Amino acid sequence: MTSPLDQTNEADEYRHNEERVTLFAPPEAGEPISSEETARQSVISELIQHESDYTQDLKFISDQFIEPLMQSVSITTNGRGPGSIAKAVFSNWKTLHANHEEMFAALSERQRSQDSRVTSEAGLIVGYLLKFIANYDRYIDNYPFAKAQHTSEYHKNPQYRSLIAQGSLDSRMNGREFGSMLTQPIEYLSRLRQILRTMKDYTHEDHEDQVYLPILEKALSYTIERVMRMIEFMKICGSLEFPRGEGMTDSHRCM
Numbered sequence: 085m086t087s088p089l090d091q092t093n094e095a096d097e098y099r100h101n102e103e104r105v106t107l108f109a110p111p112e113a114g115e116p117i118s119s120e121e122t123a124r125q126s127v128i129s130e131l132i133q134h135e136s137d138y139t140q141d142l143k144f145i146s147d148q149f150i151e152p153l154m155q156s157v158s159i160t161t162n163g164r165g166p167g168s169i170a171k172a173v174f175s176n177w178k179t180l181h182a183n184h185e186e187m188f189a190a191l192s193e194r195q196r197s198q199d200s201r202v203t204s205e206a207g208l209i210v211g212y213l214l215k216f217i218a219n220y221d222r223y224i225d226n227y228p229f230a231k232a233q234h235t236s237e238y239h240k241n242p243q244y245r246s247l248i249a250q251g252s253l254d255s256r257m258n259g260r261e262f263g264s265m266l267t268q269p270i271e272y273l274s275r276l277r278q279i280l281r282t283m284k285d286y287t288h289e290d291h292e293d294q295v296y297l298p299i300l301e302k303a304l305s306y307t308i309e310r311v312m313r314m315i316e317f318m319k320i321c322g323s324l325e326f327p328r329g330e331g332m333t334d335s336h337r338c339m
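Numbering (my numbering) for the sequence shown: 85 to 339.
Calculated from the structure, these hints are not laboratory results.
It is possible that some hints are incorrect.
For lysine-lysine, the following DSSO-like pairs were computed, each having C-alpha atoms within a straight-line distance of at most 27 Å [unchecked claim]:
1) Lys-171 <-> Lys-231
2) Lys-215 <-> Lys-284
3) Lys-240 <-> Lys-319
4) Lys-284 <-> Lys-171
5) Lys-231 <-> Lys-319
6) Lys-231 <-> Lys-284
DEER-style ranges, computed between Cβ atoms [said to hold, decoys possible]:
7) Thr-203 <-> Ser-156: 17 to 27 Å
8) Tyr-238 <-> Ser-197: 26 to 36 Å
9) Ala-218 <-> Asp-137: 19 to 29 Å
10) Pro-242 <-> Ser-264: 20 to 30 Å
11) His-288 <-> Ser-197: 42 to 52 Å
12) Gln-133 <-> Ile-217: 20 to 30 Å
13) Glu-309 <-> Thr-235: 42 to 52 Å
14) Arg-245 <-> Asp-290: 52 to 62 Å
15) Ile-315 <-> Asp-290: 21 to 31 Å
16) Pro-298 <-> Gly-263: 12 to 22 Å
17) Glu-309 <-> Ser-197: 42 to 52 Å
None of the values given here were measured: they were computed from a predicted structure.
Where a beta carbon is used, it is the ideal one built from N, C-alpha and C, also for glycine.
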């Protein structure tokens, strides 16, 4: 639950952005918008920027790591053939990337069509999120195995280790470790829920977004709860002792 202090800090942050957000309003908008609406527009701007940053990260990982691994005939695992490591470590990452390219394009078009003073976003997000939330379920289910596969290959496969090391030198990593990039989809959901909760605080009770925001909250919370159970599962896996020569990433392991 958000504390009164946190709410005060958030309110201050959005008030500080009032001048920037007011610039979004076209001359024909008429009277200056209220401080509450100014804050809501600032949250919408943050939402779109968050989506932009995340979509760029998804594309970067796809271009920098997944594609080279998919095309390599020499970097394989357990004799499974080209692309086997990419599929094991990144699961359906490229599908998530395609999903968010589509949603970001729609959000951007909505912003442009409404001269940046956006009347509603929640309904649009509901349509996209409910369409591809199952892809997040798949990614989350595979994540324990993906992390174990990455760790295993990094230590035993010099070609894989070299590709990851070289790719991690790219400035777009922004000082982040490769392992942390694998948690990006999980962190995205939590951050999105936080932004939407703030949007709800600044949205008038009669606004159409108030119909959709609870739906988003429920869908995101359900998936995030699955993440928390996954984290507990990983803790259990970390304490397991496999027979000599076996490990978490063996082909017969499954959820």
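**Request:** Starting from the hint list further up, note which numbers the structure goes against and sort them upward.
**Result:** 4, 6, 7, 8, 11, 13, 15, 16, 17
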